Amino acid sequence: MNPAGVKQDSYLFDDDNEDSTWDAVWDVACSVDPEGWTAEFRIPFSQLRFPKADENTFGFQVVRNVARNNEESHWRLMPREEAGIVSQFGELSGIRGIKPPRRVELLPYAAGTGAWAEAEEGNPFATGRDRTVRAGLDFNVGVTSNLTLSGTVNPDFGQVEADPAVVNLSAFETFYPEQRPFFNEGLDVFRFPILLGDGDGANEQLFYTRRVGRRPQGEADDRGGYAETIDWTTILFAGKLSGKANGWTLGILDALTAEEEASVVDVDGNPHSDVVEPRTNYLVARVARDFRDGQSQVGFFGTAVNRGSVPENLQWLRSSAYAGGFDWSHRWRNDTYNINGWIVGSHVRGSAEAIDETQLSSARYYQRPDNDYVTYDPTRTSLTGFAGQFIIGKHGGGNWRFSTGVDTRSPGFEVNDAGYQREADRTIQFIWVQRRWLEPGKVIRRAWLNFNQSSVWDWGWNRLRIGGNVNGSAQFANYWNAYAGVWVGSEGLSNNALRGGPAFKTPHAQNAWAGFSTDDRKALRVGLNTSAFRQPAADVWSYNLRVPLTWQAASNVRLVLSPGFGRMHDTWQYLDTQEALGETHYVFGMLDQTTVSARVRANVTFRPNLSLQVYAEPFVASGNYVGYREVNDPRGERFADRFTDFTADQVQVDESGNIGIDLNGSGEADLALENPNFTYLSFRSNVVLRWEYLPGSTLFVVWQHGRTDETDNGEFRPGQGLQDMFRLPSQNTFVIKLNYWLSL
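For the sequence shown, the working numbering gives the first residue as 290, with consecutive numbering after it.
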């Protein structure tokens, strides 16, 4: 908390990881006088977990942040050179005469929603108005002093912020962070990352909570008329049992989502309905045992997804999916050195169509004509795989850190029903070395320098790439911060560039990034984040920059503006694979893409229990294809040898921008492409007024606003685009939600 009474809470787990979504029920008051300020905290024992004992010892720490000096004062000093956070806390001992509370908490809610949008004439599912009233219940029950059962019945997430707009031209699914409170709270027990590093790889995990309540995967057949669009699958119930006691960690999460049927009115006005998502059960389990005061651990993690009766129109969905395995970690010499790893198996079942789709997916592409180490079988009804990781390193003590390890996945490894996984069929070797300088000097207060190297192979022992980077960051004596890095990658092979075609030889590449931020003690803070990428042999380049501005207008008012700009010139953007003249043609385009966006946030705390949060994001992206080509030799020596460019005489463009390509000079189009150019306009905003009228009891008033349009002109006109954006029809949703906290 700060002297203005603004409070914040978070949950620390695994010693040094933080969950800022944790929202406990507690209170604090402060008093400011000429000598300074004091704070009194009231933390109910119902918010803490501790065993029944005659005498308890609690871990305890107090940290005071003096912003004007950028200093921290610790009740128990935590040296910067030591690893971990919680393990360095002090202790409160001699606590007697307290008993673990019963811990029964109920949070019933009622919510009303009104949505308004432009009506579509004749469409019974787009009348322009929709009103709903809902009610549900969240609960927490202390099964034992250290084990809690949490659940939600008919949950509502109307106060959750909208996902940011993106343009995704890759073969892989976009990852979105979890923002729903129930699935964020206590998520540490159910975290099982399956890939190291940052970027997209940091998101890969065995349990991706956004699978629960996802947008229906199927679409209704409109039968020449109109079909209902369902945005989210209904969560009937979700519950989790979690806790830690006597060195054991236990977590079980189960969620049941409803079968979703979309209503249809056919061309003759007759009603129908199609199932667009079958009833599905998600089960996640975690068990772990600590040894040596938590310095060693062995655990099990498993997921299971079972779908109910899958209708004929959804036979491409898997009927069941299972994953499970063991992990371990061991630290020694005062947490200086560590060994950790895991082994996980996966098994999916379904119709022949479903498992065929699994084999053909972008994660593995079994059908590749040069894939001689797996067998593609369209009659399969199951697929099994495994993955593993082993790491050894030094993460504490002194100024040098390092780690090295191997990460591997078999071609059949598949966990996307419950988790998030981009690729299978690969083995990664890596080395990381870090040098740290933590003693302040005249110019630099502290600095870090990292060296990374990695190599990637598929399971046929084809080397896909070798790369390495050097990056560093520093804080200067004036409290400005800066970072920079350079990555270089060799020529390699891509098993997904041709989307099921043969492996393609990729050109060598370079990537660079840099940025800075000014003194965060100041009311106005400015930053700059930049990155650039190039493949010189292919004439591919891109750059992105973002300028975050943060203004602490008052102790209770925080404003953030983060405009961004990006350009890309890609000479080999995949478009389509088509059969013509007895051959397979892999068609690519030469793309110029421009993106402009801005993220705006405002947080105003009127009182410690009354706040307003505003988020808005205008987004404009355009892509214009300036040429077309096809692959003729995917492993050609030079990049130019791998393509044949289509001439102006071969490319035919109709009045709608659709493309026809004459391969043999006959005057007739042998390949046909829909107009690939695009201009995407989006504006999304979210306004949330939050009033905690009683401890743990909250009133939310929410306004969600959106405008979206996509055309195929490919023109980039940011000024005109913004004007056009605010002329688009809008969608407005208003939500009023009231919950009431009961502690029994």
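No wet-lab data here; the hints were simulated from the structure. Predicted, not measured: the structure shown is a model, and the values here were computed from it. For every residue, glycine included, the Cβ atom is placed at its ideal position computed from N, Cα and C. Hints are not guaranteed to be accurate.
Keeping only pairs whose Cα atoms sit at most 27 Å apart, straight-line, the calculated BS3-like set for lysine-lysine is [as the list claims (entries may be wrong)]:
(1) Lys794 <-> Lys731
(2) Lys731 <-> Lys533
(3) Lys296 <-> Lys341
(4) Lys533 <-> Lys388
(5) Lys1026 <-> Lys296
(6) Lys811 <-> Lys296
The calculated label-pair distances, taken between Cβ atoms and stated as ranges, are [claimed, not checked]:
(7) Arg725 <-> Ala961: 36 to 46 Å
(8) Leu727 <-> Asn291: 20 to 30 Å
(9) Tyr982 <-> Ala821: 43 to 53 Å
(10) Arg725 <-> Phe334: 34 to 44 Å
(11) Gly558 <-> Ala826: 30 to 40 Å
(12) Asp543 <-> Glu344: 29 to 39 Å
(13) Ala929 <-> Ala961: 47 to 57 Å
(14) Val903 <-> Asn559: 43 to 53 Å
(15) Leu572 <-> Glu868: 19 to 29 Å
(16) Thr819 <-> Asn291: 31 to 41 Å
(17) Arg418 <-> Asp1001: 29 to 39 Å
(18) Ala821 <-> Leu1011: 36 to 46 Å
(19) Glu344 <-> Gly757: 46 to 56 Å
(20) Glu361 <-> Val432: 18 to 28 Å
Hints, one by one, checked against the model:
1. Lys794 <-> Lys731: Since the Cα atoms of Lys794 and Lys731 sit roughly 49 Å apart, the hinted pair is violated (cutoff 27 Å).
2. Lys731 <-> Lys533: Status violated; Cα separation ~46 Å.
3. Lys296 <-> Lys341: 30 Å, violated
4. Lys533 <-> Lys388: 17 Å, holds
5. Lys1026 <-> Lys296: 22 Å, holds
6. Lys811 <-> Lys296: 20 Å, holds
7. Arg725 <-> Ala961: 36 to 46 Å: 58 Å, violated
8. Leu727 <-> Asn291: 20 to 30 Å: Holds, since Leu727 and Asn291 (Cβ atoms, about 27 Å apart) stay within the stated range.
9. Tyr982 <-> Ala821: 43 to 53 Å: The hinted range 43 to 53 Å holds for Tyr982 and Ala821, with Cβ atoms some 50 Å apart.
10. Arg725 <-> Phe334: 34 to 44 Å: 40 Å, holds
11. Gly558 <-> Ala826: 30 to 40 Å: Violated, since Gly558 and Ala826 (Cβ atoms, about 59 Å apart) do not stay within the stated range.
12. Asp543 <-> Glu344: 29 to 39 Å: Once the Cβ atoms are compared, 37 Å apart, the range 29 to 39 Å for Glu344 and Asp543 holds.
13. Ala929 <-> Ala961: 47 to 57 Å: 26 Å, violated
14. Val903 <-> Asn559: 43 to 53 Å: 46 Å, holds
15. Leu572 <-> Glu868: 19 to 29 Å: Given range 19 to 29 Å: violated, Cβ gap about 43 Å.
16. Thr819 <-> Asn291: 31 to 41 Å: Holds: the Cβ-Cβ distance is about 33 Å, inside 31 to 41 Å.
17. Arg418 <-> Asp1001: 29 to 39 Å: 31 Å, holds
18. Ala821 <-> Leu1011: 36 to 46 Å: Violated, since Ala821 and Leu1011 (Cβ atoms, about 26 Å apart) do not stay within the stated range.
19. Glu344 <-> Gly757: 46 to 56 Å: Roughly 54 Å apart at Cβ, these two residues keep to the hinted range, so it holds.
20. Glu361 <-> Val432: 18 to 28 Å: 38 Å, violated
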